[in-house]
Amino acid sequence: MDSATIRKKFLEFFESKGHKIVPSAPLVLKNDPTLLFTNSGMVQFKDNFLGNAVPQHNRIADTQKCLRVSGKHNDLEDVGLDTYHHTMFEMLGNWSFGDYFKKDAIAWAWELLTEVYQLPKDRLYVTVFGGDKGDNMPVDTDAESLWKQHISADRILYGNKKDNFWEMGEQGPCGPCSEIHIDLRSEDEVKKKPGKELVNNDHPQVVEIWNLVFMEFNRKADGSLEKLPAQHVDTGMGFERLCMAIQKKTSNYDTDVFRPLMDFIALHADNYKYGSDNKKDIAVRVMADHIRAVSFAIADGQLPSNTGAGYVIRRILRRAVRYGFSYLNFKEPFMYRLVNLLALQLKDVFPELHKQEDYVTRVIHEEEISFLRTLEKGLKRMEVFDKSISGEQAFELFDTFGFPFDLTSLIARERGLTVDEKGFQEEMQKQKSRSKADAAKETGDWVLIGEDKKTEFIGYEHLESEIRIVKYRKIKQKNKELFQLVFDKTPFYAESGGQVGDTGVIESVNEKVFITDTKKENELIVHLSERLPESFGSAFFARVDARKRELTKDNHSATHLLHAALRQVLGKHVEQKGSLVNEKILRFDFSHFAAMTPEEIEKVEAIVNEKIRANIPLNEQRNVPIEKAKSLGAMALFGEKYGEFVRVITFDPQFSVELCGGTHVSATGNIGLFKIVSESSVAAGVRRIEAVTAQGAQDFVNGSMALLDELKTLMKNPKDISASLQNLIEEKHSLEKKLEAMYQQQANLMKDELARKVSKQNGASVIVEKVSVPNADTLKNIAYALRNQFADLLLILAADIDGKPQVAVMIGEQLAATNKYHAGNMVKELAKEIDGGGGGQPFFATAGGKNINGLDAVLVKGKSLI
RNA sequence: GGGGGAUUAGCUCAGCUGGCUAGAGCGCUUCCAUGGCAUGGAAGAGGUCAUCGGUUCGAAUCCGAUAUUCUCCA
1 MDSATIRKKF LEFFESKGHK IVPSAPLVLK NDPTLLFTNS GMVQFKDNFL
51 GNAVPQHNRI ADTQKCLRVS GKHNDLEDVG LDTYHHTMFE MLGNWSFGDY
101 FKKDAIAWAW ELLTEVYQLP KDRLYVTVFG GDKGDNMPVD TDAESLWKQH
151 ISADRILYGN KKDNFWEMGE QGPCGPCSEI HIDLRSEDEV KKKPGKELVN
201 NDHPQVVEIW NLVFMEFNRK ADGSLEKLPA QHVDTGMGFE RLCMAIQKKT
251 SNYDTDVFRP LMDFIALHAD NYKYGSDNKK DIAVRVMADH IRAVSFAIAD
301 GQLPSNTGAG YVIRRILRRA VRYGFSYLNF KEPFMYRLVN LLALQLKDVF
351 PELHKQEDYV TRVIHEEEIS FLRTLEKGLK RMEVFDKSIS GEQAFELFDT
401 FGFPFDLTSL IARERGLTVD EKGFQEEMQK QKSRSKADAA KETGDWVLIG
451 EDKKTEFIGY EHLESEIRIV KYRKIKQKNK ELFQLVFDKT PFYAESGGQV
501 GDTGVIESVN EKVFITDTKK ENELIVHLSE RLPESFGSAF FARVDARKRE
551 LTKDNHSATH LLHAALRQVL GKHVEQKGSL VNEKILRFDF SHFAAMTPEE
601 IEKVEAIVNE KIRANIPLNE QRNVPIEKAK SLGAMALFGE KYGEFVRVIT
651 FDPQFSVELC GGTHVSATGN IGLFKIVSES SVAAGVRRIE AVTAQGAQDF
701 VNGSMALLDE LKTLMKNPKD ISASLQNLIE EKHSLEKKLE AMYQQQANLM
751 KDELARKVSK QNGASVIVEK VSVPNADTLK NIAYALRNQF ADLLLILAAD
801 IDGKPQVAVM IGEQLAATNK YHAGNMVKEL AKEIDGGGGG QPFFATAGGK
851 NINGLDAVLV KGKSLI
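If you use my numbering, the first sequence corresponds to residues 1 to 866, in order.
Since the hints were derived computationally from the structure, they do not count as laboratory data.
Glycine is no exception: its CB is placed at the ideal position from the N, C-alpha and C atoms.
You may find that some hints are simply not true.
[Unchecked claim] Label pairs and their calculated CB-CB ranges:
no., residue 1, residue 2, range
1, 669, 476, 43 to 49 Å
2, 435, 331, 30 to 36 Å
3, 476, 682, 30 to 36 Å
4, 681, 17, 46 to 52 Å
5, 406, 40, 25 to 31 Å
[To be verified] List of simulated lysine-lysine pairs, PhoX-like, C-alpha gap at most 20 Å:
no., residue 1, residue 2
6, 422, 476
7, 548, 471
8, 453, 476
9, 519, 441
Full structure from sequences and hints, please.
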C-alpha cells in the first residue's frame, strides 16, 4: 500500500464514522507566545480545549503538518543520524469534542489498524495508564476493559505518568492516554525476546504508532485535578511510522515518503549507492528530511531570516547544505532542485507548495548561494591557523562568521590541527546564558474575577463600551512589570493580520488606566496595561484611541486596494507575504521576482487612487462559509489559518475581495490619497512596498514639495533642477581637481625656491626654512618632491598653516640608509618649541603644536641638530 | 530582543600594534602587436576610506552614535 493510499484510507475511515475532514493548519504559528511551530495535531484545536473557542464540529479528523525542532526529545542535530526522527512529519488524528469517548476511540483505532491496514494482531501491544499515587489517580480500568474486548490481556501493558498521562502544559486540560505499539522485528528476533519487553524502550523497531488521549481533567494552578464538564478525545498517529509498519520496512526513510527524494539526491551525488557508507547515508537522510521542513515552512509564509521562526528555518536548511557539502561533495546549490519533486509528491494533500513552487525554489536557491558564500569565507579565514584552533577562535568563526563548528573540526582534522571543543562549548554556553538572561520573562497565573468565557469583540461597531474585567495576570520582562487584562467584551482590536492592536483607556468613577496595546494569544484577546486597576470588580468604560484607529483603518483598506492593483499590474503570481498596518504607514510584502519599474509603481499608485476617488462602499460580510467566500474570488493567504466561517471584505466585487478580520473605512473615498513611499527587496522573490494615506500622504507630499521648493530657490529656479544639480556636482568635482593641481603647482614653485637654498653640510643637502602653506598636504608634497630631487636631503620645514604651526622633517633615501639621522626623533625634539608633539617614520615625520611664535626657535634648534 | 563582525575604486578584496602621496586583481579608456580566442604589451582614468561627532601634533586605522549589512543566541 503506498503512502498516498494509507493517508486516504485514514481520512475515509473517519469520514465514514461521522467525522468532518479539515485541512492541515499552517506549520508556522502566528499568535501563540508558547510555540513557534505546529508540533502536533491538536495545536489547531487548542482553543477548543481551553474554552477560548467553540468547536464547529464535535468530530474532526485530519492530517497535520508538524515541525519538531526544539524541546527535550527532538534536537535538530539528531535528525538523520537515526532512522526515525524527523523535523517535519505528518500527524494523522481524530478528535471528539464532548462527543464519543474511550469506547469508540479504542474500537475504531483497532478496526482501522487491523482491518483496513491489515496490521498483524500478534505484533500489536497497547498501553494504558497505570495510575499515579501523587495525583491520587487509579489505573485507567475503563480503557483496560475496553481493550480486552479486542486484544488479549497479556498484550495490555501499564504505563506510568510520564508515558501515559498527557498534559497540555503545567495547567489546563489533561487526561490518561492509551498508546498502540507495533513490533516490526524479524521472526527470529521476536522468538529470542518478546516484544512486550521492548515497548517504550527506544527500540527502533518496536515503536509507538498511535496515541489516544482521553481528556477528562483540568489541572489547576495548585496542581490538583478536577473533572471536566465534557470529555474529549485527541489522537495522534505518526504517518511516516505507520507507512513503515504497513510497508514492512525497518526505517521511515525506506518508505515511499522519503525514497524518491533520497534516490534523487544519491543520483546527483556522483550516483552514490545508498547504504554503502554510513556517513553519506546520514547526509542523504538529512537532506531528504530537511527539504520537507524548509519547503513547507516557506510555503506557509515563513522566510528564512535571522530571528525567531525564520532563523530556525535558516538553520535547518543550512544544516542540510552543510551535510551535502561535507559528505556528498555538493559544492553548488542543490537543495532547491528537490522542491519540484516534493511539490508533485504532495500536490493533492498540501497544494500550497505546488502552487508556490517557483517562489519556494527561488528562496531556497538564494539562501543556499548565500550560505555557500559564508562557507567560502570561513574556509579562507581558516587558512591562517597552522597548529591549533582555540575554543575562542572556533567560536568566533561560528558566532561571527557563521562557520559551523563541525566543519571547523572536520577541516582541522584534514590539516592535522587540533580544535579545543570544550572551550568552544564553554563560549557557546556563555552566549546562551547571555541571551536567556535578556529574554527572561515571568508569567504569573491568571487571576479570575468574573465568569471566564470567550471575549466578545464589538470593535467593528463600537469604539466605546462598558466592560468588566474577567481575569488578569502579571508578567515581568526586563524588570518591567506589565499587566494583561481580559474583558467580557471589548471594543479594542487585537493585533492581527498585520494591523496593530488598539490603544486607549478604561475608566471607572475613580480611576483611569491606559491600555498600551492589545494582543491575541490564539483566540484570547489580551489588553496590556502598566498598572492594575484598583477596583477591578466594578464596571469600566472602555474607550479606544479613535484618531489612531481611524488612521489605521485608512491604511488597512488601502492595503487591500494595493494588493488588488499589484495583481492587476504585475500578474496573478503576486501573493501577500507579510503586512504591517499602523496609524502612520502601511507596509506590504509580496511575492514578485524583479524590482518594480518606476512606470509600474506609478501605474499601481494611479489605480489605487482611482479606486479611492470612485468612493467604493465597503461590503463587509461576516460568517460566510469559507467555500462560499472562495467562490466569490476571495484571496486566502497561504500560511493563514481560517475557520470554517470567515469575514469577507469587498471593495467592488470585480476588484478587491479578501478574507480579513481587520477594520476598514466605510467607503474608499475616506482614504483621501495614497502615496507609495518606497519599493525595495526583503528576500529572494519578495518585494516590499511602503506607502502612506490620508493625512500621512498629505504630509508626505507637502514635505516633498517644500523640499523641492527650497532646493529650487537655493539654485535660483533653474529650468531642469536635476540637470543643473548634476552639473553642479560635476563642476564641483572638476574644481576640486583644479584646486588640487593648483596646490601641487604652488608646492612645486615652493620646492624650486627651497631647492635653491640648499647648502652642503656634513655630507648632506641641508634645507632649514620657514614656509607658509595652505594645508598639511601641500607641506607633505613639498617634502616628498625635494626627496625625489636630493638623495642626501636633510630637510627641516617650519610651516605656518593658517596660523597653526607645523614642522616637517624629511631625510633623503641615501642619507636615511646611513641611519645617521632619525626624522621621528628630530621632529619630537623640535616640537617642544611649538608646544606640541609629533612623530612619523625614520625618513619622514611631522609635528604640530599650539605656539605659532615658536617657529623661529624651531629653525635655530633645527640647525643645531645637523 | 541580546551579543559579535563588516562597510576602502564599477566588481572582489589587501591595508599589522595610529605616521604611504591609500594599494592589488578583474573591469573600463587610449595606443601598439597578433589571422581568431577569457590573447600579449604599454600608458591612463577612476576614492568624501558608509555618515556624523570625539581623542590626537597627526585617523582608512582608536573611541562613541547613526545607517546599511552579515552572523550567532533567545
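Legend entry - Unsatisfied constraints (hint numbers, rising): As far as the earlier hints go, 6, 7, 8 are violated by this structure, in ascending order.
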